[in-house]
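Chains A and B supply the protein sequences, listed in that same order.
Everything in the first sequence is counted per the numbering used here, starting at 803 for the first residue and increasing by one.
Everything in the second sequence is counted per the numbering used here, starting at 3 for the first residue and increasing by one.
Simulated from the structure, these hints should not be mistaken for laboratory data.
From a predicted model like this one, the values you see are computed outputs, not experimental measurements.
Backbone N, C-alpha and C define an ideal beta-carbon position, used for all residues, glycine too.
Wrong hints could be hidden among the right ones.
[To be verified] Between beta-carbon pairs, the in silico distance windows are:
{"hint": "1", "chain 1": "B", "residue 1": "Thr15", "chain 2": "A", "residue 2": "Ser844", "range": "15 to 25 Å"}
{"hint": "2", "chain 1": "B", "residue 1": "Thr15", "chain 2": "A", "residue 2": "Asn860", "range": "40 to 50 Å"}
{"hint": "3", "chain 1": "A", "residue 1": "Glu817", "chain 2": "B", "residue 2": "Lys73", "range": "23 to 33 Å"}
{"hint": "4", "chain 1": "B", "residue 1": "Lys73", "chain 2": "A", "residue 2": "Lys872", "range": "30 to 40 Å"}
{"hint": "5", "chain 1": "A", "residue 1": "Ala873", "chain 2": "B", "residue 2": "Asp58", "range": "30 to 40 Å"}
{"hint": "6", "chain 1": "A", "residue 1": "Thr829", "chain 2": "B", "residue 2": "Thr22", "range": "33 to 43 Å"}
{"hint": "7", "chain 1": "A", "residue 1": "Gln816", "chain 2": "B", "residue 2": "Pro63", "range": "21 to 31 Å"}
[Said to hold, decoys possible] On the chain B side, residues computed to face chain A include the following (Cβ under 10 Å):
{"hint": "8", "residue": "Tyr50"}
{"hint": "9", "residue": "Tyr66"}
{"hint": "10", "residue": "Leu98"}
{"hint": "11", "residue": "Asn106"}
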Amino acid sequence: AQKITQTQPGMFVQEKEAVTLDCTYDTSDPSYGLFWYKQPSSGEMIFLIYQGSYDQQNATEGRYSLNFQKARKSANLVISASQLGDSAMYFCAMRLRNSGNTPLVFGKGTRLSVIA
Amino acid sequence: EAQVTQNPRYLITVTGKKLTVTCSQNMNHEYMSWYRQDPGLGLRQIYYSMNVEVTDKGDVPEGYKVSRKEKRNFPLILESPSPNQTSLYFCASSFLGQGYSGANVLTFGAGSRLTVL
Numbered sequence: 803a804q805k806i807t808q809t810q811p812g813m814f815v816q817e818k819e820a821v822t823l824d825c826t827y828d829t830s831d832p833s834y835g836l837f838w839y840k841q842p843s844s845g846e847m848i849f850l851i852y853q854g855s856y857d858q859q860n861a862t863e864g865r866y867s868l869n870f871q872k873a874r875k876s877a878n879l880v881i882s883a884s885q886l887g888d889s890a891m892y893f894c895a896m897r898l899r900n901s902g903n904t905p906l907v908f909g910k911g912t913r914l915s916v917i918a
Numbered sequence: 003e004a005q006v007t008q009n010p011r012y013l014i015t016v017t018g019k020k021l022t023v024t025c026s027q028n029m030n031h032e033y034m035s036w037y038r039q040d041p042g043l044g045l046r047q048i049y050y051s052m053n054v055e056v057t058d059k060g061d062v063p064e065g066y067k068v069s070r071k072e073k074r075n076f077p078l079i080l081e082s083p084s085p086n087q088t089s090l091y092f093c094a095s096s097f098l099g100q101g102y103s104g105a106n107v108l109t110f111g112a113g114s115r116l117t118v119l
């Protein structure tokens with residue numbers, strides 16, 4: 803069964819600094835996708851970035867980058883130049899790529915607080 | 003705008019009063035799913051659908067029903083709500099398939115906060 807572990811319940815970062823949110827995963831399936839979602843206090847789930855298990859390069863989307871280390875089964879999210887609006891819960895998630903039901907399996911999340 | 007729309011966003015109801023949370027997507031996605039989010043338990047899948055008239059149970063289906071009569075709609079039905087169904091509910095959709103482009107990214111609705119008294 804798949805499992806996502808986020809070991810940091812809460813993180814603080816100074817505005818304009820970079821921050822890394824940790825995520826490790828466990829699956830025996832070779833074909834999967836890794837995702838990060840942001841959940842602000844308003845509650846919606848906002849997709850940030852995606853990394854496929856066969857992708858050779860780390861994914862980047864603006865200020866977000868994913869540090870993918872397949873051998874270590876880690877998929878850490880790096881946010882550069884933090885902004886006050888980055889304060890939110892961040893969820894790492896995994897989805898297998900097959901033809902059956904492919905639910906998104908979530909970690910417990912990390913609450914990021916950006917300090918001015 | 004490509005989106006998943008859920009209604010109502012907020013609802014307070016009483017035990018036993020049937021309710022339906024609607025979900026509609028405009029992206030022609032085959033796959034749709036309902037999740038509930040509870041403190042300390044994270045997000046858990048309730049039901050999913052891989053196409054019209056094809057639905058199946060997720061991890062926590064008890065007390066819920068769904069239907070998929072049209073590709074764009076996937077309502078969640080609580081026939082007799084109980085207080086343990088108080089939660090934040092999310093509908094999500096995506097394409098199916100094994101592409102490597104991230105095309106199976108799940109797009110979430112804004113969430114429906116349900117309180118059952």
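C-beta pair A/Gln816, B/Pro63: status relative to the range 21 to 31 Å that was hinted: 44 Å, violated
Cβ separation of B/Lys73 and A/Lys872, checked against the hinted range 30 to 40 Å: Between B/Lys73 and A/Lys872, where Cβ atoms are some 35 Å apart, the hint holds.
Outcome of range test on Cβ distance (A/Thr829, B/Thr22; 33 to 43 Å): 35 Å, holds
Status of the given 15 to 25 Å range, CB of A/Ser844 versus CB of B/Thr15: 22 Å, holds
Agreement of hint B/Tyr66 with chain A interface, Cβ distance less than 10 Å: This hint is violated: B/Tyr66 lies away from chain A, its Cβ roughly 15 Å from the closest one there, beyond 10 Å.
Agreement of hint B/Tyr50 with chain A interface, Cβ distance less than 10 Å: 5 Å, holds
Agreement of hint B/Asn106 with chain A interface, Cβ distance less than 10 Å: At about 7 Å, which falls below the 10 Å cut-off, the nearest Cβ of chain A leaves the hint on B/Asn106 intact, so it holds.
Cβ separation of B/Thr15 and A/Asn860, checked against the hinted range 40 to 50 Å: Holds: the Cβ-Cβ distance is about 46 Å, inside 40 to 50 Å.
Range agreement (Cβ of B/Lys73 with Cβ of A/Glu817, hint 23 to 33 Å): 44 Å Cβ-Cβ, so the 23 to 33 Å window is violated.
Interface restraint verdict for B/Leu98 against chain A (beta-carbon cut-off 10 Å): 7 Å, holds
A/Ala873 versus B/Asp58 beta-carbon gap, inside 30 to 40 Å or not: Given range 30 to 40 Å: holds, Cβ gap about 35 Å.
Hints 3, 7, 9 from the list above are not met by this structure, while the remaining hints are.
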